[in-house]
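Model the full assembly from the supplied sequences, consistent with the hints where possible.
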Amino acid sequence: MHLIDAKDLNKTQIETLFELAENYKAQPWQTEVLKHKIVSLLFFENSTRTRCSFEIAAKRLGAAVLNLDLAASSMQKDESLLDTIQTLEAMDVDAFVVRHKEEDTCRYIVDNLKTKASVLNARSGTQTHPSQALLDAFTIYERKPDFENLSIAIVGDIRHSRVAHSNIHFLKVLGVKDLRLVGPEIFLPKQDLDCKTYTDFGSGIKDADVVMVLRIQKERMADTDVPDAGSYFKNYGLTPEKLKLAKPDAIVMHPGPMNRGVEISTKVADGSQSIILQQVQNGVFMRQALLDWLVK
Amino acid sequence: MHLIDAKDLNKTQIETLFELAENYKAQPWQTEVLKHKIVSLLFFENSTRTRCSFEIAAKRLGAAVLNLDLAASSMQKDESLLDTIQTLEAMDVDAFVVRHKEEDTCRYIVDNLKTKASVLNARSGTQTHPSQALLDAFTIYERKPDFENLSIAIVGDIRHSRVAHSNIHFLKVLGVKDLRLVGPEIFLPKQDLDCKTYTDFGSGIKDADVVMVLRIQKERMADTDVPDAGSYFKNYGLTPEKLKLAKPDAIVMHPGPMNRGVEISTKVADGSQSIILQQVQNGVFMRQALLDWLVK
Amino acid sequence: MHLIDAKDLNKTQIETLFELAENYKAQPWQTEVLKHKIVSLLFFENSTRTRCSFEIAAKRLGAAVLNLDLAASSMQKDESLLDTIQTLEAMDVDAFVVRHKEEDTCRYIVDNLKTKASVLNARSGTQTHPSQALLDAFTIYERKPDFENLSIAIVGDIRHSRVAHSNIHFLKVLGVKDLRLVGPEIFLPKQDLDCKTYTDFGSGIKDADVVMVLRIQKERMADTDVPDAGSYFKNYGLTPEKLKLAKPDAIVMHPGPMNRGVEISTKVADGSQSIILQQVQNGVFMRQALLDWLVK
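Chains as they are written, first to last, in the working numbering: chain U, 275 to 570; chain F, 275 to 570; chain S, 275 to 570.
It is worth saying that the hints were derived from the structure and are not from the lab.
Ideal placement from N, C-alpha and C gives every residue a C-beta, glycine not left out.
Among the clues, some could well be false.
[Unchecked claim] The list that follows gives simulated cross-link-like pairs (lysine to any residue, SDA-like), each with its CA atoms no further than 20 Å apart:
| id | chain 1 | residue 1 | chain 2 | residue 2 |
| --- | --- | --- | --- | --- |
| 1 | F | K309 | S | G336 |
| 2 | S | K299 | U | Q360 |
| 3 | U | K375 | U | G530 |
[To be verified] Here are some of the chain S residues that sit facing chain U, going by a computed Cβ distance under 7 Å:
| id | residue |
| --- | --- |
| 4 | R323 |
| 5 | C326 |
| 6 | I330 |
| 7 | P531 |
| 8 | L551 |
[Claimed, not checked] Chain S is nowhere near these chain F residues, computed Cβ spacing over 12 Å in every case:
| id | residue |
| --- | --- |
| 9 | H276 |
| 10 | E377 |
| 11 | K418 |
| 12 | L448 |
| 13 | R454 |
| 14 | P458 |
| 15 | C469 |
| 16 | T473 |
| 17 | D474 |
| 18 | P501 |
| 19 | N509 |
| 20 | E515 |
| 21 | L568 |
If you want it as structure tokens, here you go:
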């Protein structure tokens, strides 16, 4: 049982994970669940945020956690990666939580496993970050469970976002009909994702129930045709004024870490409609749900 | 409940911590105390010694420990530090043990907390290192509890010491009347700390009950007017001969790590009057006391 | 009780460790054994493989594990190493698992210990790697326990191997009479190890029951007179064809990590006669046996 890509999960499975996450939210510490299991965290790229979330999740379930900080290593998707995986498998490691810059690393690992160890994608490459998208969906579900009647706007660099593609998949599977992608032309997806697209911010978030703001990679600002931080904020940054265009009870989300003053103003980030820290909190519960479901 | 500065603690509180430390010295492993609590170690500067002390303390109390080795990170006291703290708070982390080069980082974190998490200063900046000073006071208390009648000499670079200012505070609160600061003029404090100061080593430690030797930062030796290691040792280094000027049963302390042959000779460091390793041992018990008192 | 050098162990002790390893193989998680003990991993050189093996072993026995990643530190076998050891001893650390580039670091630590803490050599210098050699012997013992009648060929750079010297010692103590060292002249040991030596690969492994292949340090290939990877593989690389010269039920071993296509072909490494991953698995059980025997 692995979690490689958001597309591997159907509606029933997503709902099962929601139930498990609710269970862990009600009672976070259940140390018998993964007692005598070993969860290894293979982070080929730094990520304090996601690594801590998985580490806390595994410890709350009673697993032994093995931290392999491989960011500094020169290990690539070649024999030495395979050698590391097979070595850890031979040591009876039960789960590999993997962050790697290349798209298909998790699939490659799964294809070469010799045991029944689980592989969990903690973001590989630029297209998929399923555990983040699951916690986002769960956080919406807690507040606005009637997915079919929600208007959800995803704002920002959808084209290069590590989480947006996974979000779009889950939200569609859960029944969202009015799903809008909002951003400058150069940030909108090249392929047809069967969503409405908007370059005009006001039209994009008008009467939305949920506004999901994406992180803008500042380094991308230097590219030709990409707006600078100031003009991006002016046109697409979420401010209290612009947020008034959405429904009065609209919720604001962000996968973090935020660039305050670029894609979101501090007032909105810390304001009453923001559920950004609840996303972080739910992240641990959703990862507990995933570890329970996949590894137990 | 936080521990930011030595000055935040009054005599009753210090005595409570002494009692707790004695309790943990009698029975070090009490894993129910912080069961299902998460203690995060945020070390923006390397410190094997202090990090291990807190890590062992937390594990003996049954806490889950999250190691965030941030020394290599470029994170500063700005939005990204705040973002990290708020993220960990949202993950229900119960305590932040913080080492940072800037003076007021812990206060800054406390001012921005949104939950009831505790902040423990594991040394920030150059002025305060309260957990070290507490373990020092506790180690004196075990051997010579009659603080009012003790003569205590602190020898070395008091001006730049990370621990001396905290030591002076605690010892005065505990009733020490004869507290002496000993060192070359350039190492004596600029402000009036209400202590006797001595540039003559012999007068400074004469008949002392306790000699607390401070670490000399070798890199400071290069500054103008600062003595080199050899001449410092000659004038202020604690040797068996010079130690004879103190009381026959005087105890010798050092916060570590020592520069043997600079501020202290190996014979004294490893001699029968040295209680330097007992300080290290008590350090874990005192940190257990602090975690118990602040986080439980 | 320490494990510094393979030569410190006699036959009875080795057999005791085999029994303990079998016990842990039958029941890996026995968390009462080292409950309330602290095992510190002092790795002055990187080793994901050996570090993880010891970490899992310690956690299965219920110990608290302290990871000191010192590879990046400039700490040498001098006062600061000693200071670190004494500090950790004072914190009641029960075991030091040490990897260091210098030969006699473990002995140096043992000579300076002040408590009853144990020191376990996780490879120091170029001559000794006793825990690896013990797991190798145990893995042979499981399959072919009649050591006196075994023919065992060790193939590769015996001269510079970190594990071969320890292997030779254990196998001789266990009664192996036909022990062969196989490799180009420049890789054969300079001193007389009381083994037959072969520069001809075919004669060396003829009718062997066990073929132990050593890792070739690619960086050594650049030395004068040392064969390049291609010609080494041609003459000494273990291929399915060459393996036919050994007994039909011969087992193939390698301490890892492997250079596939240099000292061993992928077909042999992953083939039915390879017990390389069983070595890794047994490594954890043998390290549990060592920690039990030395630290409990």
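Going down the list of hints, with the structure as the test:
1. For the suggested pair K309 (chain F) and G336 (chain S), the alpha carbons sit about 16 Å apart, so the restraint of at most 20 Å is met.
2. Between the alpha carbons of K299 (chain S) and Q360 (chain U) the distance comes to roughly 19 Å, so the proposed pair stays at or under 20 Å and holds.
3. In summary, the hint linking K375 (chain U) to G530 (chain U) is supported, as the alpha carbons are separated by about 18 Å, within the 20 Å threshold.
4. Look at R323 (chain S): its Cβ gets to within about 6 Å of chain U, closer than 7 Å, so that hint holds up.
5. A hinted interface residue such as C326 (chain S) counts as satisfied when its beta carbon comes closer than 7 Å to some beta carbon of chain U; here the least separation is about 6 Å, so the hint holds.
6. Given hint, I330 (chain S) at the interface with chain U, holds; its Cβ is 5 Å from that chain's nearest Cβ, closer than 7 Å.
7. Proximity of P531 (chain S) to chain U holds as hinted, the smallest CB-CB distance being about 5 Å (cut-off 7 Å).
8. Restraint check, L551 (chain S) versus chain U: the minimum CB separation of about 4 Å is within 7 Å; hint holds.
9. Separation of H276 (chain F) from chain S is adequate, the least Cβ-Cβ distance of about 24 Å exceeding the 12 Å criterion.
10. At the 12 Å boundary, the C-beta of E377 (chain F) stays outside the reach of chain S, the nearest C-beta of that chain being 26 Å off.
11. The claim that K418 (chain F) is not at the interface with chain S holds, since no C-beta of that chain comes within 12 Å of its own (minimum 20 Å).
12. The non-interface label for L448 (chain F) is consistent with chain S: the shortest C-beta to C-beta separation is roughly 24 Å, beyond 12 Å.
13. Its beta-carbon lying about 27 Å from the closest one in chain S, R454 (chain F) satisfies the requirement of being farther than 12 Å from that chain.
14. Every CB of chain S is more than 12 Å from the CB of P458 (chain F) (nearest about 24 Å), matching its label as outside the interface.
15. Its beta-carbon lying about 29 Å from the closest one in chain S, C469 (chain F) satisfies the requirement of being farther than 12 Å from that chain.
16. The Cβ of T473 (chain F) sits about 29 Å from the closest Cβ of chain S, beyond the 12 Å cut-off, so the non-interface label holds.
17. The Cβ of D474 (chain F) sits about 29 Å from the closest Cβ of chain S, beyond the 12 Å cut-off, so the non-interface label holds.
18. The non-interface label for P501 (chain F) is consistent with chain S: the shortest C-beta to C-beta separation is roughly 21 Å, beyond 12 Å.
19. With a least CB separation of 22 Å from chain S, N509 (chain F) remains clear of the 12 Å interface cut-off, as annotated.
20. With a cut of 12 Å on Cβ distances, E515 (chain F) stays outside the contact zone with chain S, its closest approach being about 22 Å.
21. With a closest Cβ-Cβ approach of about 20 Å to chain S, L568 (chain F) is found to remain outside the 12 Å limit, as its non-interface label requires.
Every hint from the earlier list agrees with this structure, and none is contradicted.
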